[in-house]
Amino acid sequence: MTVYDVLVIGGGPGGLAAAISAKKNGADVLLLEREARLGGILKQCIHDGFGLLRFGEKLSGPEYAGRFEDEFHSRSIAYEVQTFVTAILKKKDGFLVRAVNRQGVQEYRTKTLILATGCRERTAKQVAIHGTRPAGIFTAGCAQHFVNLMGQMPAKRCVILGSGDIGLIMARRLTLEGAKVLGVYEVKPEPSGLTRNLIQCLEDYDIPLYLSRTVTRVFGTERLTGVETMRVDEEMRPIPGTKERISCDTLILSVGLIPENEIAEELGVPLDPKTKGPVCDNRFMTMTEGVFSCGNAMHVNDLVDYVSESGEIAGAAAAAYTRADRRLISLKTDDSMLYLVPQRLDLSGGCGGLTLYFRSRESLTEGTLLISVDGREVFRKNYRNLKPPEMERLTLDTSGFGLTEQSGVRLSIVKGGDRV
Amino acid sequence: MKQKQLERKLQKKLRVRFGDAVQVSVEGRIIRVSGSLKRWEDIIEACSMCVIKQPGVHVVNDVVFSGGVRAPMRTPGFTDETLEGRRPDVLVIGGGVSGCSIARELTRWKLDVLLVEKEADLALQASGRNDGEVHPGVDLGRGTVKQQYVRKGNAMFDGICRELDVPFRRCGQYVCFADKMTLPLIRMYAWQRRTVCGVTDTQIISAKELYRREPALRPGFAFALYNPSAGCVCPYGLTIAYGENAAANGAQISLNTAVLGMEVREGRIRSVKTNRGTVHPKLVINAAGVFAEDISAMAGDRFYSIHPRRGTNSILDKKAGSLVKSIASIKLLSGNTAHTKGGGILHTVHHNLLVGPNAAETYEKENFATAQADIDEVFAKQKQTSDGLSERDIITYFTGVRAATFEEDFVIERGRRTRNLIHCAGIQSPGLTTAPAVAVDVAALAVRMLGGEGRVRKNESFQPVRRGIPQVRNLPRRERDRLIKENPDYGVIVCRCEEISRGEILDALKSPVPVFTTDGVKKRVRPGMGRCQGGFCLPLVTQIISEYVGVPAEEVKKSGPDAVISYGRKGAAYDGL
Numbered sequence: 156m157t158v159y160d161v162l163v164i165g166g167g168p169g170g171l172a173a174a175i176s177a178k179k180n181g182a183d184v185l186l187l188e189r190e191a192r193l194g195g196i197l198k199q200c201i202h203d204g205f206g207l208l209r210f211g212e213k214l215s216g217p218e219y220a221g222r223f224e225d226e227f228h229s230r231s232i233a234y235e236v237q238t239f240v241t242a243i244l245k246k247k248d249g250f251l252v253r254a255v256n257r258q259g260v261q262e263y264r265t266k267t268l269i270l271a272t273g274c275r276e277r278t279a280k281q282v283a284i285h286g287t288r289p290a291g292i293f294t295a296g297c298a299q300h301f302v303n304l305m306g307q308m309p310a311k312r313c314v315i316l317g318s319g320d321i322g323l324i325m326a327r328r329l330t331l332e333g334a335k336v337l338g339v340y341e342v343k344p345e346p347s348g349l350t351r352n353l354i355q356c357l358e359d360y361d362i363p364l365y366l367s368r369t370v371t372r373v374f375g376t377e378r379l380t381g382v383e384t385m386r387v388d389e390e391m392r393p394i395p396g397t398k399e400r401i402s403c404d405t406l407i408l409s410v411g412l413i414p415e416n417e418i419a420e421e422l423g424v425p426l427d428p429k430t431k432g433p434v435c436d437n438r439f440m441t442m443t444e445g446v447f448s449c450g451n452a453m454h455v456n457d458l459v460d461y462v463s464e465s466g467e468i469a470g471a472a473a474a475a476y477t478r479a480d481r482r483l484i485s486l487k488t489d490d491s492m493l494y495l496v497p498q499r500l501d502l503s504g505g506c507g508g509l510t511l512y513f514r515s516r517e518s519l520t521e522g523t524l525l526i527s528v529d530g531r532e533v534f535r536k537n538y539r540n541l542k543p544p545e546m547e548r549l550t551l552d553t554s555g556f557g558l559t560e561q562s563g564v565r566l567s568i569v570k571g572g573d574r575v
Numbered sequence: 006m007k008q009k010q011l012e013r014k015l016q017k018k019l020r021v022r023f024g025d026a027v028q029v030s031v032e033g034r035i036i037r038v039s040g041s042l043k044r045w046e047d048i049i050e051a052c053s054m055c056v057i058k059q060p061g062v063h064v065v066n067d068v069v070f071s072g073g074v075r076a077p078m079r080t081p082g083f084t085d086e087t088l089e090g091r092r093p094d095v096l097v098i099g100g101g102v103s104g105c106s107i108a109r110e111l112t113r114w115k116l117d118v119l120l121v122e123k124e125a126d127l128a129l130q131a132s133g134r135n136d137g138e139v140h141p142g143v144d145l146g147r148g149t150v151k152q153q154y155v156r157k158g159n160a161m162f163d164g165i166c167r168e169l170d171v172p173f174r175r176c177g178q179y180v181c182f183a184d185k186m187t188l189p190l191i192r193m194y195a196w197q198r199r200t201v202c203g204v205t206d207t208q209i210i211s212a213k214e215l216y217r218r219e220p221a222l223r224p225g226f227a228f229a230l231y232n233p234s235a236g237c238v239c240p241y242g243l244t245i246a247y248g249e250n251a252a253a254n255g256a257q258i259s260l261n262t263a264v265l266g267m268e269v270r271e272g273r274i275r276s277v278k279t280n281r282g283t284v285h286p287k288l289v290i291n292a293a294g295v296f297a298e299d300i301s302a303m304a305g306d307r308f309y310s311i312h313p314r315r316g317t318n319s320i321l322d323k324k325a326g327s328l329v330k331s332i333a334s335i336k337l338l339s340g341n342t343a344h345t346k347g348g349g350i351l352h353t354v355h356h357n358l359l360v361g362p363n364a365a366e367t368y369e370k371e372n373f374a375t376a377q378a379d380i381d382e383v384f385a386k387q388k389q390t391s392d393g394l395s396e397r398d399i400i401t402y403f404t405g406v407r408a409a410t411f412e413e414d415f416v417i418e419r420g421r422r423t424r425n426l427i428h429c430a431g432i433q434s435p436g437l438t439t440a441p442a443v444a445v446d447v448a449a450l451a452v453r454m455l456g457g458e459g460r461v462r463k464n465e466s467f468q469p470v471r472r473g474i475p476q477v478r479n480l481p482r483r484e485r486d487r488l489i490k491e492n493p494d495y496g497v498i499v500c501r502c503e504e505i506s507r508g509e510i511l512d513a514l515k516s517p518v519p520v521f522t523t524d525g526v527k528k529r530v531r532p533g534m535g536r537c538q539g540g541f542c543l544p545l546v547t548q549i550i551s552e553y554v555g556v557p558a559e560e561v562k563k564s565g566p567d568a569v570i571s572y573g574r575k576g577a578a579y580d581g582l
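Chains as they are written, first to last, in my numbering: chain R, 156 to 575; chain L, 6 to 582.
Hint data in this document are derived by calculation from the structure and do not stem from the laboratory.
From the three backbone atoms N, C-alpha and C, an ideal C-beta is built for every residue, glycine too.
Just so you know, nobody snuck in bad clues.
Between beta-carbon pairs, the in silico distance windows are:
hint, chain 1, residue 1, chain 2, residue 2, range
1, L, ASN464, R, THR157, 50 to 60 Å
2, L, GLN377, R, PRO363, 22 to 32 Å
3, R, LEU244, L, GLN476, 19 to 29 Å
4, L, GLY326, R, ASN537, 47 to 57 Å
5, R, PRO363, L, ASP25, 53 to 63 Å
6, L, ARG218, R, LYS179, 47 to 57 Å
Work the whole structure out from these sequences, hints included.
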């Protein structure tokens, strides 16, 4: 049986970039995709705005994925579609991956794994919506599948809960297709989507955004007939006496994304409760030797460009992987950050170019990222307009930080700019 | 006169509590409560006050509820003539576990059996909205109809689930006690259950043994009452399996078919009017759940009343499945309502955890809406059973409505005034457990009423074995490989959370009681039951149904005819899975 150097699970933007990068770095690569076509969720993202950072142009999702698919195919990378991984067994010198496809139960051997399994949407029940169980309640991605892939209109009069990006995109999409979007309700006092989407998808189409309001109940026995909304207090608890009933036939939910790490969990890969993705080092190797993570499975990104970048880092590292003891130190953060990726730094292989992704907990017009080693400041950077929905990326040369295995590295964001 | 005496006694009790608002009359074996009350709780209280413990005597609730409007029974929004003029030997009303199991037992005989169900699928009300526990009967006192059947039914589960190819786990039930001082009392109770009530498997186990078996229970329990005969089954899975086996043996199952009225003459039902035509059955079996009283009234044979009682259960992610491997609950010595076991934590046959149910009286028979307060109540209690329980692991929740009589017992008997009628009513917990045993008895009664074995012949070609849809994900590797090579659709995974293949979905559509809705497929093979709740697979399942049936995607419904998923095409072509 062929033993691959790198086996990538998932053929979306993260997996494609990882496979290409691993191949470029000389690895023998196999990619497994569960759907019939490569491209992941980008297949249904027909709006533009993808690739601004990477290509300097606004591409649609399929166009962006297409560029990677072209390169993927030009490098003759082995892949299987409609192939679903059912189990992974750890072996002495790597992994045995079991999968099913139309040909039967397949087994593949590989030295390393890259988990590029993407993320899924939170559901109505996960945000404690009560009432009946009619048709007409969809997650935004599900509605997007109906409209963009099946050409089906799942909505006429529609309320959107959650101001996540897919919800905003769907507000515009459904409006363009003739539906009436009555409003976007956001439980938080601030929107969760990108500013550009707030402008291009809501403001440009006169769709109202209601902050600190949520949907608490749904009505209708067969098809949805209405929803109940309530205002919420600072702790996001519904305020009694603020119930309002809106008649509509559709409720679209855009209430957050969760990295899909069921495979990782079965392998015993530790997850970070903040990102819900694996704890990774600066090469995006998880705490399980030989298992790498990238893209939205590692943490939910706001731009696909970063998904591809993390795939490239993981792919190159997996290609170069040789089993050697890692010298890991933790990158510690405090409450000022929603999360930081990676969570560990491996001192063993040199760590000149460290790529960091983080999100600020608070919206700050001016903020400063401070990095200290054993209480000594080694790096600072000023930011304008830090916002939780907009992820920040930073590359750093840590060679001058004087890091040892005993070093305590801390990262935090403080309010204010240069004067801090 | 005894009757008058009882009437005076009850009237006195009622007057103290409700003044002149309610009256009671004792008419043979019927205790009729009438008058008018504003609060539903008061009606429940008034009727419950009049319950006497005498077999066959029932309270009939004629009290006008002036404080609210009781919605009429929901019926399918269409009529046709599909059943017009049908003359079945037996008409079974209700496609829950009672109706389906009775229909199946009836097909052992050469009888023309027609089962009507008003919903779009089988098991859509109480039979699909319960916790799936196969009860040991330890909580039931002697002398009730349900106690008579619970042990018999429980013992039949291994056999019936093997025949019908339905997953069943005899996982055992632990009722946990924190107070050591209650041990002597519970020992006595266990002894009484074993020797007097026939619940012979009742045992007491030590805390040490309890934690060895269920290490994630909350620390601090002193001992537990244990019944190894308790088990769990998928309640709608069993109901559908019974229905399919009945259909495979010749019964006709007509969904979306509501009984709207009956013509009764000289103590016999002459015809039954449905939205799909009028039928003329020789015998009618009333297994109509919360509507059994309404059916009995149509048949001119109303001698019991149903008071609906809601219960809410939550389903937790399989990741939480290891918390409890069996069925466990805490016994609180106060605050438990008398009529339910008080809920618990149950490890389902699909390896999720099920938490609940609670119990609340309601005047609405078909309000299945959930409320946060129900979830909170259930979790507050069950966190005392296992403190690792977390609301964060909830993937879904649902509410069911129990069809309780005021006597809190089953009514399984032939019509009192109407001669060609059998009641199978008041079926609430443990009605799933008792169903196999009740079905055998009801079928036997039906045969007797149709003239006995002399006139009704055995169905020699009866096939008791049903082959369910293969659960491909659970098959050993070689077996799975072989199956996929036979049918490649078994290798195409459509539902990623539950690992359901296209082949299994197509099997569901080809089954003996096919239901071409996304809920119907979900109930049979589980796409959409997992953590994404159908976010990924709903469009794919819709597409598969649309292609299989040969209708546009917008004609595929979630459940009933009006449960529209999509309003129609907008243009682009689809080339998905």
